[in-house]
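Trainee: Chains as they are written, first to last, in the numbering used here: chain A, 1 to 113; chain B, 1 to 111.
Treat the hints with care, since some could be wrong.
[Stated by the list, open to error] Under the rule of at most 30 Å between Cα atoms (straight-line distance), these lysine-lysine pairs were calculated in the DSS-like manner:
hint	chain 1	residue 1	chain 2	residue 2
1	A	36	A	68
2	A	36	B	13
3	A	67	A	56
4	A	36	A	56
5	B	26	A	56
6	A	36	A	67
7	A	56	A	68
8	B	13	B	26
9	A	36	B	26
To be clear, the hints were calculated from the coordinates, so they are not data collected in a lab.
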Amino acid sequence: GEDVEQSLFLSVREGDSSVINCTYTDSSSTYLYWYKQEPGAGLQLLTYIFSNMDMKQDQRLTVLLNKKDKHLSLRIADTQTGDSAIYFCAEKEGQTGANNLFFGTGTRLTVIP
Amino acid sequence: DAGVTQSPTHLIKTRGQQVTLRCSPKSGHDTVSWYQQALGQGPQFIFQYYEEEERQRGNFPDRFSGHQFPNYSSELNVNALLLGDSALYLCASSRWSSTQYFGPGTRLLVL
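Construct all of the structure, not just a fragment, from the sequences and the given hints.
Mentor: Listed below in C-alpha cells is the structure:
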C-alpha cells in the first residue's frame with residue numbers, strides 16, 4: 001500500500017529558509033499536496049503539485065518534485081514565527097477513480113525568534 | 001464564502017456509546033471525505049461520499065458509517081465506541097476528485 005514518510009522535527013531561525021522533505025511510494029500518484037496544521041486546528045492547504053511537474057513556486061513557498069526518487073520537498077523562504085506548525089505531505093492515490101489522500105506523520109516546524 | 005464547517009467542535013462519550021458528527025461542505029463542492037487523526041499521527045482516510053453514496057472506503061471497521069444528504073452535507077456515525085476511537089475527526093470537501101479542503105475538525109474523547 002501507499003506509504004508517505006517525513007522527518008518528525010525541524011527547527012530554524014527566523015528569517016532563514018526551511019526545507020521540509022517527504023518520500024512516498026505510489027509511483028502512480030497524480031497530485032502531491034502540502035497542508036499546514038496549527039495547534040488544535042484543522043488542515044490548511046498550502047500548495048500542491050501535479051506529478052508531471054518538477055517545481056512550483058507560490059510566493060514564499062517552493063515545491064520540488066523528484067518523481068524518479070519519489071521525493072517531494074517544501075521550501076519556505078524567510079521563515080517567520082507564524083510558520084511554526086505541523087506540515088503534512090499527502091499523495092492522492094493513483095488508482096483510477098480513487099480520490100483519497102495518504103498522509104505522512106507530519107513535520108513539526110519550530111521557528112526560533 | 002463559508003469554508004467547510006463541522007459540528008460539534010468537541011465531544012466526550014463513554015465506551016459502547018454511539019456518536020454522530022456533522023459536516024457542511026464548502027459552497028460549490030459535492031464530495032465529502034472523512035479522516036481520523038489520532039494524536040501525533042497524520043490523518044487516515046475513513047470514507048468518501050459523492051451523490052449520496054459511499055464511493056471509497058479506507059481500512060476502518062463497519063462500526064464507522066456515514067451518510068450524505070441532498071444538500072451535500074454529511075454525517076459520520078461511530079457505533080460501539082472504543083477508547084481507541086479518541087481522535088480528531090476531519091471532514092474535507094471537494095468538487096469530485098479535485099483538491100480537498102478541510103474543516104476545523106471534531107475532537108472526540110472516549111472515556
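Trainee: Against the earlier hints, flag every one the structure doesn't satisfy and list their numbers going up.
Mentor: Every hint satisfied by this model.
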